[in-house]
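Student: Residue numbers (numbering that gives the first Met the number 0), protein chains in the order written: chain U, 0 to 246; chain F, 0 to 246.
Rather than coming from a laboratory, the hints here were simulated on the basis of the structure. Among the hints, a few may not be true.
If you only want the chain F side, here are some residues facing chain U, beta carbon under 8 Å, derived [said to hold, decoys possible]:
#	residue
1	F74
2	P117
3	G118
4	W129
5	G131
6	S156
7	R159
8	I163
9	K225
10	N233
11	A235
12	V236
13	G239
14	S243
15	L245
Subject to a maximum C-alpha distance of 25 Å in a straight line, what follows is the list of computed PhoX-like cross-link-like pairs (lysine-lysine) [said to hold, decoys possible]:
#	chain 1	residue 1	chain 2	residue 2
16	U	K194	F	K175
17	F	K30	U	K225
18	F	K190	U	K225
We put the beta carbon where it would ideally sit given N, CA and C, even for glycine.
Below are the chains, spelled out letter by letter.
Number of protein chains: 2
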Amino acid sequence: MLSKTHTKYIQSLQHKKFRDESGLFIAEGPKVVLDLLNSRNFICKEVFALNEWFDLNENIKSIHTGTLFVEVKDFELKKISALSTSHSVLAVFEKRKQDSGLKITNKLTLALDMVQDPGNLGTIIRIADWFGIENIICSEGCADMYNSKVVQSTMGSLGRVNIIYTDLEAWLQQNKKIRIYAASLEGVSIKSIGKLHEGIIIIGNEAHGISESVMQQVNEKMTIPKTGAAESLNAAVATGIILSHLV
Amino acid sequence: MLSKTHTKYIQSLQHKKFRDESGLFIAEGPKVVLDLLNSRNFICKEVFALNEWFDLNENIKSIHTGTLFVEVKDFELKKISALSTSHSVLAVFEKRKQDSGLKITNKLTLALDMVQDPGNLGTIIRIADWFGIENIICSEGCADMYNSKVVQSTMGSLGRVNIIYTDLEAWLQQNKKIRIYAASLEGVSIKSIGKLHEGIIIIGNEAHGISESVMQQVNEKMTIPKTGAAESLNAAVATGIILSHLV
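Bound conformation, chain U alone (with noise of 0.2 Å):
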């Protein structure tokens, strides 16, 4: 049975003044909470489920026994959850503390200048962990990484992917050593670009793109070539596409 108190508690970590506050934050589904769970990035304080997910995960106390389990309700974790369907398990993670020492050399590094769509975050993400990138660096502006829907849409790869929010200008001009690249609707064809081993790739904006101040510190425009009518491409779609390609 979940008190009003521990209900309201869960509930405030779905905004981010509550999150930052409290250090926290809120994980939903059996792929991402398992993905979660699993990875020793994330440490986890509490876990609302249904009776058929212990039985689904048995051995799950025995292996989290720094973890509070609670059975609860079906309307107890509708109360919690905040999706408009809810799953069968809920978890509270501890943030991640941000890595200072990064190693972005010999490597493909992606930086987000204000991506602010929580799915487009997510999604992107999920990409980065598919084609085995590292880093992400994410402009102070971009969507919080700990929003319920950003989580959602990693589908799991939150856990595997090392994300760092920082002013990305100054950012870039530590790290003028690396070739910088941005996702552009002009410059080289990416198919012309070839593989690449070691670079930093920006992505822009959902709206505006890339900044004009984060766009003086870039080596190469490349471009996704288009056969047809569409204006633009969404910023996840270009991601993976790009990667794709560059990987």
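Keeping the supplied structure of chain U fixed, place chain F upon it in accordance with the hints.
Tutor: Below, chain F without anything else, positioned relative to chain U:
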């Protein structure tokens, strides 16, 4: 000034049942509305817009003489909008008759098997428009192309891509002369297929992939090479990657 009855009738178009009964649907936002107005494929019945939108589109009334233009206040637009942040314009269009004499030789055609997420369907329509794909065949279990979220995420491409809802299995059987490719987690790498001048590319459901009966019609399974750990890619992202390699 919008009457209560008028407001209710526009709100009702957010439900498939009423869209089917009336043969009408809603589009919102300057880009989407103008793209559909400029498309010859849709007849516009009514446009509800703020004064500022009319200032920006002075000649619009003289071009679209069959359309009713209504200036509304911000609070009225909010009432009829399906978006959390309403834009400056909302329009009611007539649904399109399905094209019965589809030609799919000498071109690539997308076929969607139970793509249920409206955002994914809209994004796939936008991707098809980017790559010059003329036709998308949707199984009857796909999201409704006239759902507000679909219309919104096409970003205007709805007017430039031909979309047909049909019994996908039967349709594939009728088109056996065209080679059928399936997006799958196994199969040959999309990088080894090369450019395709003709073919049907099937994209499956977000959670369950391509259904068994549809898969039986497939000539070749193809996959996007993975170098990381994510289990799968978002359906729209996968579509974008596949088309970028095959078109």
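Student: Determine for every hint whether it applies to the structure shown.
Tutor: How the hints compare with the structure:
no., hint, in the structure
1, F74, "violated, 25 Å"
2, P117, "violated, 12 Å"
3, G118, "holds, 7 Å"
4, W129, "holds, 4 Å"
5, G131, "holds, 4 Å"
6, S156, "holds, 5 Å"
7, R159, "holds, 5 Å"
8, I163, "violated, 18 Å"
9, K225, "holds, 6 Å"
10, N233, "holds, 5 Å"
11, A235, "holds, 6 Å"
12, V236, "holds, 4 Å"
13, G239, "holds, 4 Å"
14, S243, "holds, 4 Å"
15, L245, "violated, 11 Å"
16, U:K194 x F:K175, "violated, 37 Å"
17, F:K30 x U:K225, "holds, 19 Å"
18, F:K190 x U:K225, "holds, 18 Å"
Violated hints, listed in ascending order, are 1, 2, 8, 15, 16; each of the other numbered hints is respected by the structure.
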